[in-house]
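Chemist: Chains as they are written, first to last, in the numbering used here: chain A, 1 to 502; chain B, 1001 to 1163.
Hints listed in this document are in silico derivations from the structure and should not be mistaken for laboratory results. Quick reminder that beta carbons are idealized off the backbone N, C-alpha and C, glycines included. Warning: the hint list may mix true and false statements.
Claimed, not checked - For each label pair, taking beta carbons as the anchor points, the in silico distance ranges come out as: (1) A/Arg93 - B/His1064: 45 to 51 Å; (2) A/Gly204 - B/Trp1049: 53 to 59 Å; (3) A/Val250 - B/Trp1041: 50 to 56 Å; (4) A/Val372 - B/Trp1049: 21 to 27 Å; (5) A/Ala399 - B/Val1021: 52 to 58 Å; (6) B/Thr1153 - A/Ala62: 57 to 63 Å; (7) A/Ala306 - B/Ala1083: 46 to 52 Å; (8) A/Leu254 - B/Trp1041: 50 to 56 Å; (9) A/Val220 - B/Val1033: 54 to 60 Å; (10) B/Ala1083 - A/Ala97: 44 to 50 Å; (11) A/Leu279 - B/Val1033: 50 to 56 Å.
To be verified - Chain A stretches covered by chain B per the calculated footprint, using a threshold of three residues with CB under 8 Å from any CB of chain B: (12) 326-336; (13) 456-466; (14) 476-490.
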Amino acid sequence: MTAFPAAPPVAEPVPEWGRLDPRMIVVKPLNELIGLLPLLFALVFLGNVETWRIVVGVGTVALIILYGLFAWLTTKYRITDAQVELHTGVVFRQRRAIPRDRIRTVDLTAKLGHRLFGLSAVRVGTGQQERQAGEGVVLDAVTTAEAERLRQVFLHRPTTAAASTDGAEEPAAVEITRLDRRWYRYAPLSLSGLLGIAIAVGFGMNLAGELNLRFSEVDVIRGLFGWLSGQSPALVVLIAAVVVVLLSTVASLLTYLLQNHDFRLTRHADATVRVRRGLLTTRSVSIEEQRLRGVALHEPLLLRAARGARLNAVTTGLGLRQAASSLLVPPAPRAESHRVAAAVIGENPTSAPLTRHPVAARRRRLVRAVAVPVVLTAALALLSAFADWPAGLWIGAAALIPLSVLIGLDRYRTLGHALTGRYLVSRSGSFTRRTVALQRTGIIGWRVEQSPFQRRARLVTLTATTAAGHGQYAVTDIGESDGVRLADAAVPDLLTPFLIRE
Amino acid sequence: MDDGEWRLRAPVNLVSKRAVVQWTVRAAIGWIVVLGGLGVWHALGGPDWVGHVLAGLAVAAVVHVAVMPTWRYRVHRWETTPAAVFTRSGWINQEWRLAPVSRIQTVDTGRGPLQQLLKLATVTITTASAAGPLKIEGLDESVAARIVDELATTTQAVPGDAT
């Protein structure tokens, strides 16, 4: 028998280590500095010009620039057939390797500094849930063309990667939805403006205190306060309310513009859906459709009152920490969110009719809502009777009781669940009503919880665990028997051996 | 399944009887730290209310240490089948957990100092969910080892990470 010479080993070209784009030496400090600009400005130019202010200012800038340089020097990445490797860390060196077939989502984000230089940061989401910040793989940053190439390489499986990397042009995309200018009217309803004002005011006051700024020495402000102190308290409250509403409206419109400008949701030939949005910071998130485990419809109270809603994807790779990346539709008409949900997951579970929960659940909602104001009222009433506290306090607290009854009733009204062809649907919450449609095949376990009160009311809280999104989605206060039957129907045969008939 | 009233049954297996000792000792240590701290404060002339709080907490501690371990022992149960792992835990609030064997990622055993002394082990079963692992606490060492072996054999046969 002739011995054939052994075949020469297949010479796999070992991929070169790539570095981030050298422009990052400039861009990273620039991005940090843009954020710090108001602070530095205030530090150096407001108040008295003192040497320490300038030293601190210049020192901060120098540190940030040096850090940018070292961050660039210490970061390198390469993409082999099997995995993505990333070495990072100035002080703490980190080496990370992610198997390529575990990549579920790719998020390209370009902040203002990035965009000036045509760069994008690439964030890769895997099936593993991130338990700490910074566990994910982020290439911050590469050129936009390289980012596009990486997106295609990452989301195609290795077999097709070679073919697709040659074609630089965009694969065919079908538009599912895009920003409608009329959606801006939902912006002020998201309370993000109010929050922004609160943060800005708090931050400003703190800063002013730290830097010894004396607003009372500015004539305009002194004049304003002088005038206000001459008016009746009711008028002052009214003026303050109007100012806050105006400011928060402007702030939330601005936020909406910054985050959702040019929003587009498209479906691509490589079986991904892609969300693009942003004015200064642009974001482009690709989600593998096969890994899309469902959608979550969010209706905060005000938005709900105006028949608006926002839609998020429930997918592996985008958990709690990546809430911004999982957005599918920004605050928009609810009907549009329903339509997009149906278009993306091929069914319409978010608008499916829901089964209500037992009346015992209403009692629990009411008791929980009312308990706090009742206890508060009782405590304040006792204090006013025995410790001479003003009676107005407990009367004010008592006024909250009817309001909390309404909240409790609404919390019960929103409770509901349903089982559609492929989805388990669950809804709850009053201030932030959330309807989650979770793919039944994406459920990887169950948790059933029961407190003594629930046991007496024959209720349970049924939680489906999943690798996607938040990792767990609850059906709160469902009837004991309904709960186990729902779980048994959602994932057939799994629970059956552990059930008994009463 | 018909329309009758159904509920989850208890998993078949109890944990080791020595788990009661483990829970008792652990609870007692926790209370000794708290009560000891308050006691020292009281002895060094803390305000009057420290004495009242101390007395109240001491009663709670006695009840907790006397009742909780045996109550837990009645609740904590586990069961493995070729298809799934099924556990129940808690005492006042109770929790049933179910994970299909096909979705299990890792199975570990852990033993704290107290558990080593009592020859007990905790089996931790993780899935790809962020909802946290299933834990079976207070198992006899040999039983824990057997569970790990069984599950390792069955999970190896299933490909993919089910994410």
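Chemist: Take the hints in turn and mark each one as holding or not.
Modeler: Hints and how they fare:
The hinted window of 45 to 51 Å between A/Arg93 and B/His1064 holds, with their beta carbons roughly 47 Å apart. At roughly 41 Å, the beta carbons of A/Gly204 and B/Trp1049 sit outside the given window of 53 to 59 Å. The hinted range of 50 to 56 Å is satisfied by A/Val250 and B/Trp1041, whose Cβ atoms lie roughly 53 Å apart. As the Cβ distance of A/Val372 to B/Trp1049 is approximately 24 Å, the hint placing it in 21 to 27 Å holds.
Under the hint 52 to 58 Å, the C-beta atoms of A/Ala399 and B/Val1021, about 53 Å apart, fit the expected range. Range check, B/Thr1153 to A/Ala62: about 60 Å between beta-carbon atoms, so the 57 to 63 Å window is met. At about 48 Å, the beta-carbon gap between A/Ala306 and B/Ala1083 stays in the expected band of 46 to 52 Å. The hint said 50 to 56 Å for the Cβ distance between A/Leu254 and B/Trp1041, and at roughly 53 Å that hint holds.
Under the hint 54 to 60 Å, the C-beta atoms of A/Val220 and B/Val1033, about 58 Å apart, fit the expected range. For B/Ala1083 and A/Ala97, the Cβ-Cβ distance of about 33 Å falls outside the hinted range of 44 to 50 Å, so the restraint is violated. Between A/Leu279 and B/Val1033 the Cβ separation comes to about 55 Å, which falls inside the hinted range of 50 to 56 Å. Counting residues of the segment 326-336 of chain A whose CB lies closer than 8 Å to any CB of chain B gives 0, so the stated coverage by that chain is violated, three being the minimum.
As drawn, the segment 456-466 of chain A meets chain B at 3 residues by the rule of a beta-carbon pair under 8 Å; at three or more, the given contact holds. Taking a C-beta to C-beta cut-off of 8 Å, the segment 476-490 of chain A contributes 6 residues in contact with chain B, enough for the three needed, and the coverage statement holds.
In summary, the numbered hints that this structure violates are 2, 10 and 12.
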